[in-house]
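Colleague: Here is how the chains run, residue by residue.
2 protein chains.
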Amino acid sequence: MTAPGVSPRVFARALSAFRAAVGAQHVFTSEDDRLAYADPYSPDEQSHLPSAAIAPASVEEVREAVRIANRYRIPLWPISRGKNYGYGGPAPVLRGSIVLDLSRMKKIEVDAENGTVLVEPGVGFFDLYDHLQANNIPLWLSVPGNSWGSVAGNALDRGVGYTPYGDHAARICGLEVVLPDGDLVRTGMGAMDGSPNWQLYRPGYGPSWDSMFCQSNFGVVTKLGLWLMPAPESVMGLDFEFDKPEDLGWVVDVLAPMRREGIIQQSPSIGNWLRAAAVLTRREEWVEPGRPLNDSAIEAIRKRFEIGWWSVSVRCYGPVEINEATVRFIKRAFRGRSVLAMNEARWVQGDPPEGSPVTGTPITFPLANANWFGGRGGHIGYSPVLPSKGDLALRQFQRTYALYQQYGMDYHASFAMGERCLTNVNQVLYDRDDPDMMGRVDQFFRALVADASENRYSEYRTHIEYMDLVASTYDFNRHALLRLNERVKDALDPNGVIAPGKSGIWPASRRRRRR
Amino acid sequence: MTAPGVSPRVFARALSAFRAAVGAQHVFTSEDDRLAYADPYSPDEQSHLPSAAIAPASVEEVREAVRIANRYRIPLWPISRGKNYGYGGPAPVLRGSIVLDLSRMKKIEVDAENGTVLVEPGVGFFDLYDHLQANNIPLWLSVPGNSWGSVAGNALDRGVGYTPYGDHAARICGLEVVLPDGDLVRTGMGAMDGSPNWQLYRPGYGPSWDSMFCQSNFGVVTKLGLWLMPAPESVMGLDFEFDKPEDLGWVVDVLAPMRREGIIQQSPSIGNWLRAAAVLTRREEWVEPGRPLNDSAIEAIRKRFEIGWWSVSVRCYGPVEINEATVRFIKRAFRGRSVLAMNEARWVQGDPPEGSPVTGTPITFPLANANWFGGRGGHIGYSPVLPSKGDLALRQFQRTYALYQQYGMDYHASFAMGERCLTNVNQVLYDRDDPDMMGRVDQFFRALVADASENRYSEYRTHIEYMDLVASTYDFNRHALLRLNERVKDALDPNGVIAPGKSGIWPASRRRRRR
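Same order as they appear, the protein sequences are chains A and B. According to my numbering, the stretch in the first sequence is residues 1 to 515, in order. According to my numbering, the stretch in the second sequence is residues 1 to 515, in order.
Just chain A, with the same shape it has in the complex:
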């Protein structure tokens, strides 16, 4: 099934051209191949199935692939490694697009002294971690909870981690991008040939483009500069457990000022009891199939894992003396509050590695939550942003908790605290082998988006199926920002070949496909 408007004859000619450009062994067209690029957690793999995939090995091959796409007016869907399950994995918004798989591009250039790296899109967190370890480079990664994806792809989609460098997009410093017409641009100081400042100074001169290539379809990023955290002398902090759902409110209000003032420099994530249970156990251990997780099941889960209704870890990074002072300060802020448990965490250079995302080690075990229901599991991400205020957080929890119950889903959410806002990260778990449940997921998701929109909240990223829906909630001046994005899209990509539909941005020729 080719993309709409692409005839089988044109498609075949394009494939020949792609084979000549990247090598026949790197053009994938079989049914199995195509399914490997489907959305692995989707209820219906067909709705976003690509028509083929091609895997160039170099910037020049990417440029040639883009030129071919223009010649045949064939849409490409660039992926770095395609591991962002929960948001669509490697699958394109537009069915029949050809996946431009950049996972063979794996160059790593670390500048150990300045604490930066230049990575190609195929470099995974494990690749970079291994590279740093093998070369004894004292720099730490910031990794997402599931770290099997691409360093560059994660940053470009605004993924987050747990250290002070956890806002990955904010640490991007300089890109190399193949534009939709095949031109090659370097952003920031990289716009000067041979600049030593490409990875050192972000904005460059004039308008700066790095954040324009995030969550966008304005080009294909082939190199990404990223700042890495110098290995700290110590990591110290506190692990908190809180007993009641209502504790969320005051906990937010105690943490938010410290986060805003920079006393806490990473983003604490306040998550509920299902975070642990879903990774380490199966639902059937706690409740009969089809029955809701009632209070006694929640009680049992909390008892087994010795956790609160909510848990949160706070960490400080740096010299021992400063961290000790900071941890004392944070402890004092909780004095007199009804904390269920508070444990100190302390790691100092020379101690055995913690092996957790908090210390920049990539992991994948949270993926195990796909087994929660026992069938072929999956999840979809839902991540609205709201102000960092306790009453609003509590209401957000209460409203969405009621919706989870209404739709018969298990509440699985956290509130990640940025400097001035909360991201309410929901992983809606489901069993793809349960048709009844799968029938509810779409309506549940739409109900969540509608609920947020009523409160004038919206998602900062979303699943490929809902990119138009979420874009439609950005409605100031009759969707002025979308108009602006699409004017730029048309200027840069007149043939509409790069990622049509990404973030709700469609090229002129396919704008009628908006849903």
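Calculated directly from the structure, the hints in this document are not laboratory data. Careful: at least some of the hints might be erroneous.
Heads up, the list lumps identical chains together, so a pair's fine if it works in one copy or across two of them.
Said to hold, decoys possible - Below are the SDA-like pairs computed for lysine to any residue, each with C-alpha atoms no more than 20 Å apart in a straight line:
(1) 331 with 239
(2) 223 with 475
(3) 244 with 297
(4) 244 with 340
(5) 331 with 319
(6) 106 with 137
(7) 389 with 137
(8) 107 with 148
(9) 223 with 63
(10) 389 with 231
(11) 331 with 321
(12) 389 with 196
(13) 389 with 112
(14) 223 with 479
(15) 389 with 230
(16) 389 with 111
(17) 223 with 477
(18) 389 with 453
(19) 223 with 196
With chain A's structure known, arrange chain B on it following the hints.
Modeller: Chain B only, in chain A's frame:
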């Protein structure tokens, strides 16, 4: 003198339309008025003289002005307050442009709890400071050394200050922008009508635009969201003096790791002896007119002000206990080094206000350095970026110092330390009444840019006279970034009405004007 291609008849009709739109009393066309919008520090006020200025009072008036500009194909040069002397003040790149003076737009909306403000372009640092004081709002500004300018304008041109919020462009959170066709867009979360997150979460959904409107001519910013620092419990730090020019190298190498690791969170600025002398005295006190400032003059200056060849202040912001630990750490880093003087600075809530930019108080006295030579003074800014490494900083100093001497100018420079780079901020002082000196300024400036370019450094911002020159140094792939900028420029501004030539970006119709 109208802009090239604008006939006197069309100009007159446009003025009528502008008068109808903003009121006749807010359209300025007399010779005196026009000179008030000239570059006040320019050797030749005529070369960038506007043909008129108009001062709308509201977003709707700005939109109407932009529509009129499109109707008559008349270039507008938007300014916020036009106080950025050293880079051209209120004057346009293209002679005969009409200045769009936004200084009447002075709305301020502070969100005290979240630590943000939404300002219109006419709001100056003093306005905002007064507003915070009058309303007892415990938020601090970050102000530039000369603080008479616009809060929004300074951030959009990537101005800097001295607190942890000193990278002003990095603290922008959400814009309202009149596009070149008169459309109105809000960026980030403001793209959702009524979003409470507009000033709280920066990127929004999809490509993010805030940094695209910095140093650019893609639109007219009419509102700017900015994060403000919660008033810290204390400000502590160290003031250092260093004896020899060569000390610059090791000082950079001692400070840079602490800056990179986030132990120092503001940008220390290592400046030479002329910083103090030029503000507080006149050159004639130290040396006969026309003679170079020799070693004995430098010696005398340093003795009077009790300063080193280089001086630098480092400051920490936050709780007393944490700051004390941090200052101890920083002191230890200098142990065993030949420091000429090191004094501790300590301010705690309740102490009398320091009244300096270090504590967020706007000041203007550094402007007094315009009197250094005694005539009608002025300066031009020269600010290349280089890696944060001692050997490179020292060589940068040595090369440019030699150029200052070669061109008979007085070395006046600092190295401001960002997280991973140095900005070598030069204020080249001159006497506009000295034709011999003024004859050298242009060649000197070009020599500085050429010297930087040989080392593959370039400026992060520049004077209106040199925007093309500096843009030309960004030469990767035959100026690919400029091509990209101009493609977007043409898409958004087909009639080329907004700030032609800004940052070297010209609309298609005027691209032949590039120098």
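Colleague: Each hint should be assessed against the structure and marked as holding or not.
Modeller: Hint check:
Taking the shortest Cα distances, residue 331 and residue 239 sit within 20 Å of each other inside one copy (11 Å), while across copies they are farther apart (32 Å). Taking the shortest alpha-carbon separations for residue 223 and residue 475, only the inter-copy value of 18 Å comes in at or below 20 Å, while the best intra-copy value is 33 Å. Only within a single protomer do residue 244 and residue 297 lie at most 20 Å apart by alpha-carbon distance; the minimum there is 15 Å, versus 71 Å between protomers. In this assembly of identical chains, the alpha carbons of residue 244 and residue 340 lie at most 20 Å apart only when taken from the same copy (9 Å versus 58 Å across copies).
In this homomeric assembly, residue 331 and residue 319 come within 20 Å of each other (Cα to Cα) both inside a single copy, at 18 Å, and across copies, at 13 Å. Taking the shortest alpha-carbon separations for residue 106 and residue 137, only the intra-copy value of 18 Å comes in at or below 20 Å, while the best inter-copy value is 50 Å. When the C-alpha separation of residue 389 and residue 137 is checked against a cutoff of 20 Å, the pair qualifies only between copies, where the shortest distance is 18 Å, while the shortest distance within a copy is 40 Å. With identical chains, the CA atoms of residue 107 and residue 148 are at most 20 Å apart within one copy only, with a shortest distance of 17 Å there and 48 Å across copies.
In this assembly of identical chains, the alpha carbons of residue 223 and residue 63 lie at most 20 Å apart only when taken from the same copy (13 Å versus 39 Å across copies). In this assembly of identical chains, the alpha carbons of residue 389 and residue 231 lie at most 20 Å apart only when taken from different copies (19 Å versus 32 Å within one copy). Taking CA atoms no more than 20 Å apart as the test, residue 331 paired with residue 321 passes in both settings, with 16 Å inside one copy and 13 Å between copies. Taking the closest pair of Cα atoms, residue 389 and residue 196 come within 20 Å of each other only across two copies (11 Å); inside a single copy the shortest separation is 42 Å, beyond that limit.
When the C-alpha separation of residue 389 and residue 112 is checked against a cutoff of 20 Å, the pair qualifies only between copies, where the shortest distance is 13 Å, while the shortest distance within a copy is 39 Å. Proximity of residue 223 to residue 479 under the C-alpha cut-off of 20 Å is restricted to the inter-copy arrangement: shortest distance 18 Å between copies versus 32 Å within a copy. When the C-alpha separation of residue 389 and residue 230 is checked against a cutoff of 20 Å, the pair qualifies only between copies, where the shortest distance is 16 Å, while the shortest distance within a copy is 32 Å. Proximity of residue 389 and residue 111 under a CA criterion of 20 Å is satisfied inter-copy only: 13 Å between copies versus 39 Å inside one chain copy.
Within a single copy, residue 223 and residue 477 get their C-alpha atoms only as close as 35 Å, which misses the 20 Å cut-off; across copies the closest is 15 Å, which meets it. When the C-alpha separation of residue 389 and residue 453 is checked against a cutoff of 20 Å, the pair qualifies only within one copy, where the shortest distance is 18 Å, while the shortest distance between copies is 49 Å. Proximity of residue 223 and residue 196 under a CA criterion of 20 Å is satisfied intra-copy only: 16 Å inside one chain copy versus 35 Å between copies.
Hint violations for this structure: none, all hints satisfied.
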